[in-house]
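**Q** Below are the chains, spelled out letter by letter.
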Amino acid sequence: MISKEEISEILKGYDKKNITIATICSHSSLQIFHGARREGFKTLGICIGQPPRFYDAFPLAKPDKFICVESYKALLDYADDLVADSAIVIPHGSLVEYLGIERFESLAVPTFGNRRVLAWESDREMEREWMLKAGVNVPMRFEKADDIDRPVIVKYHGAKGGRGFFIAKTKEELQSKMSSQEKYTIQEFILGTRYYIHFFYSPIKPDGYRLSKGSLEMLGIDRRVESNADEIFRIGSMKELADAGIYPSFVVTGNLPLVLRESLLPRAFELGERVVETSLDLFGGMIGAFSLETIVTDELEFKVFEISARIVAGTNLYINGSPYSDFVEPGLSNGRRIAQEIKRANELDLLEEIVT
Amino acid sequence: MISKEEISEILKGYDKKNITIATICSHSSLQIFHGARREGFKTLGICIGQPPRFYDAFPLAKPDKFICVESYKALLDYADDLVADSAIVIPHGSLVEYLGIERFESLAVPTFGNRRVLAWESDREMEREWMLKAGVNVPMRFEKADDIDRPVIVKYHGAKGGRGFFIAKTKEELQSKMSSQEKYTIQEFILGTRYYIHFFYSPIKPDGYRLSKGSLEMLGIDRRVESNADEIFRIGSMKELADAGIYPSFVVTGNLPLVLRESLLPRAFELGERVVETSLDLFGGMIGAFSLETIVTDELEFKVFEISARIVAGTNLYINGSPYSDFVEPGLSNGRRIAQEIKRANELDLLEEIVT
Amino acid sequence: MISKEEISEILKGYDKKNITIATICSHSSLQIFHGARREGFKTLGICIGQPPRFYDAFPLAKPDKFICVESYKALLDYADDLVADSAIVIPHGSLVEYLGIERFESLAVPTFGNRRVLAWESDREMEREWMLKAGVNVPMRFEKADDIDRPVIVKYHGAKGGRGFFIAKTKEELQSKMSSQEKYTIQEFILGTRYYIHFFYSPIKPDGYRLSKGSLEMLGIDRRVESNADEIFRIGSMKELADAGIYPSFVVTGNLPLVLRESLLPRAFELGERVVETSLDLFGGMIGAFSLETIVTDELEFKVFEISARIVAGTNLYINGSPYSDFVEPGLSNGRRIAQEIKRANELDLLEEIVT
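Protein chains in written order, with our numbering: chain A, 1 to 356; chain B, 1 to 356; chain C, 1 to 356.
Here chain A stands alone, though its shape is the one from the complex:
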């Protein structure tokens, strides 16, 4: 991983009055560019081949400039170009996925947030350790099919975006469905409804919902739309479908907006707080946007099944404010909040606190 000192050195050379916000042209890039522009930044899109044409249809979110690479793997060769533009890279899910962890960790360009979070987030064991240390409720895990006594969801470690997950109500159902030699995790299937909560942790903002260092915001909630699981009931029950050789899949294709019962907010903030505080202890903190992926049961309890340690695509719903961010500042998107954080840190000469 690129060292703190190297990033420090690079930042010293930056033209602090002309910082450019850069990201890969996918995932939540429209929002990131839009927010950056509203805060007065220059913007730069990184893409493969030709610039995607869809930005032409969204003039308020089109980056000022593109860097076109042959493949994302080649991005490392363009670090100097990015640095020449005084660029700060905003990582999102696609950037990490396309680059791979190692390349991302070694990219010699300042990136928003703490790169050390990746190790903790991308490994299910370490992520679970983090959540357990934070004292949040997580779904039970079963070592082997033989142990299960309740509905479970099985996740193959190599599965991308939900393809390859499956659900089983009973031990027998599980055993009949398992066929792969791949590494997998058997997790309790929590009955409830899903809420993906968008938080923002600022280590440099001293007011608001205070943590031991900095403060915590909640900017929105979404529910992922999963294909084909979300509409498969239209054709039959899981069992009826299985009998016809049809199985549900959990590939995220979009997001829909929702709000949480207000009496659950104290607990939601507590979850965000615990996860951040623990991250400060474990690896120096998870900085900026993050999301807790939860299920709320009919006992009104949260179960946390995943942490996303950067901006999530569900925030794309809230380009012009959410029912939560409107209480912070009218029309505040996650992309704009990130730009504000960089702007403020820059003004206070604290960029090193929020980029790595």
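No wet-lab data here; the hints were simulated from the structure.
A few of these clues could be false.
[What the hints assert, rightly or not] Incomplete in silico selection of chain C near chain B, CB under 8 Å:
1. His27
2. Ser29
3. Ser94
4. Pro257
5. Ala313
[Unchecked claim] The following label-pair restraints were derived from C-beta to C-beta distances:
6. Gly135/A <-> Glu299/C: 38 to 44 Å
7. Leu60/B <-> Glu299/C: 41 to 47 Å
8. Asp15/B <-> Asp207/C: 56 to 62 Å
9. Glu301/C <-> Ala242/A: 19 to 25 Å
10. Glu352/A <-> Cys68/B: 37 to 43 Å
11. Lys4/A <-> Arg38/B: 43 to 49 Å
12. Asp207/C <-> Gly40/A: 21 to 27 Å
13. Ser263/B <-> Gly100/A: 48 to 54 Å
14. Leu60/B <-> Asn18/C: 41 to 47 Å
15. Glu301/C <-> Gln50/A: 19 to 25 Å
16. Asp15/B <-> Gly40/A: 40 to 46 Å
From the three backbone atoms N, C-alpha and C, an ideal C-beta is built for every residue, glycine too.
Since the structure of chain A is provided, determine the placement of chains B and C on it from the hints.
**A** Positioned in the frame of chain A, the structure of chains B and C alone reads:
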């Protein structure tokens, strides 16, 4: 119940230039405080113990002041403090639930809306009488399990927030599921899709959609997110689940936004109108925000299954306006509409028309 | 059909400084009037009998004037009144349905968009030919029940709004369910999640996402709420329901908002582009608002199952901007976009390019 004369007397003592909007710190309080602040009111949050920290994360919705009580039951002892602040209390579902009907009815502080609605709304028999008198379609009711000839939903009278409801497709299914000695209601289960319509009745606004007295507005629509019923299909059908000892529950954990087919609006307004007009006859009118909880069938007919006689949590989606309230005034929330009503009544010296 | 020359002649007589935007009082009329007013147009509502009262509750969307007709069929007799007001009629789904294709085609009043699209859109065979020529993926079609080897949806040609559609998982299921003598189509039932994408094609806007002529915008996405299909899982699986004599129906009662995974946008634009380019070849172009009704599979592929060649009701969600239109212009609705197009064409003396 506190008398009209007592409230009148209290209002006489109020500093009309410094009215405070107060409510209990839950349910829809963020929106109520936010709306009140935008209309220039002081705001006061009533809470147990320490003020909830989550307001710190939402600076535009944080009340100016808190009154911290030992328990909601003790709130009656703080009536003088509220009166000293010239407070008008905005009741919401949690306030009524936490205080209990009797305490709420005797609270010696002016409250927004007509407290007499509580008797009609909290008793299923009286609520049904109200709806039938209004001539709105309600689900059929069956006296005993033996009579049913269609899908039904069974509601135990003590059930809170949907826990303890269950659905049966047939008589046999119903009989096998009933086990409790509690009082219950067997209601026709209407096949359709749910729309919770947010209305506002103003007895003092002479223009707009006119009623026999005042006028009616429609400010939004939501669908409740119910745990675990809304996502239980992912694991199996009701029958398959029952065979595995798993049952659906209907606890509200949040809300999602939607709009209604425009051709249904005339009928939706007619429902709102009938329910208000009937309330004027029955108990002097249901004032301010209310909601009709409906199902729209595939015959495009509304069935009304409940009236909520005050601000509902589904309005939390529309802090900065809904696809309906934006036609009334850009960015209008229910919380803000309530504050506007109090402001207008105060200016016209008509507060007694809208508080009890 | 009324000829280009006749419309040209009528337009010559128009008072170009006082154009009126007119539509039938249903479907998306609130939004159309609201948008037209924001762009400075006069507005005119066409209704049966008395003006609907619900506009009184939405002052910002109430038309300036009404023309009340005995029946929509009689509208043709009012063409002169509309022309006297220099009216441009905005067609929407209800207008076309109420008037019937022939009457709509012969209405001697300038209407927004290309009337020649109707023939292509209203006939399933021609619509399919259009989509196939455009090279978009469409669901497979089966000539007869005997051929099916996968889940299918059966659509009776006379079915209105989704009533009369049904789904079958297998050949046997299909055969047991078919009973009608009506003309029908058997279509592959695509497993996935539904996205109804709202596009806008401007033949007179030279910048943005360029097509061979004019440019393409994407202004929003919705999912239709279908009664009773969307909530029928609460009571049982399709098979369990069928055993109890209960069947799903697909009548649209409303719409809910959602966004699409950003990495799918390039493909979404490509679909819109292909459909427009092909329409230019086939019949001179589909002008203005249109929608592609798609399913996104777990392979992240779009299947297009219908084209709506005018403003769709799902845009009613986005009166004050969508997560997509906010990148075009803050607060831009489809209704307002239509008004902008007419305004711009009028200023450039290009009205004949966008009305027929």
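**Q** Of the numbered hints stated earlier in the document, which are not met by this structure?
**A** Of the numbered hints, all hold.
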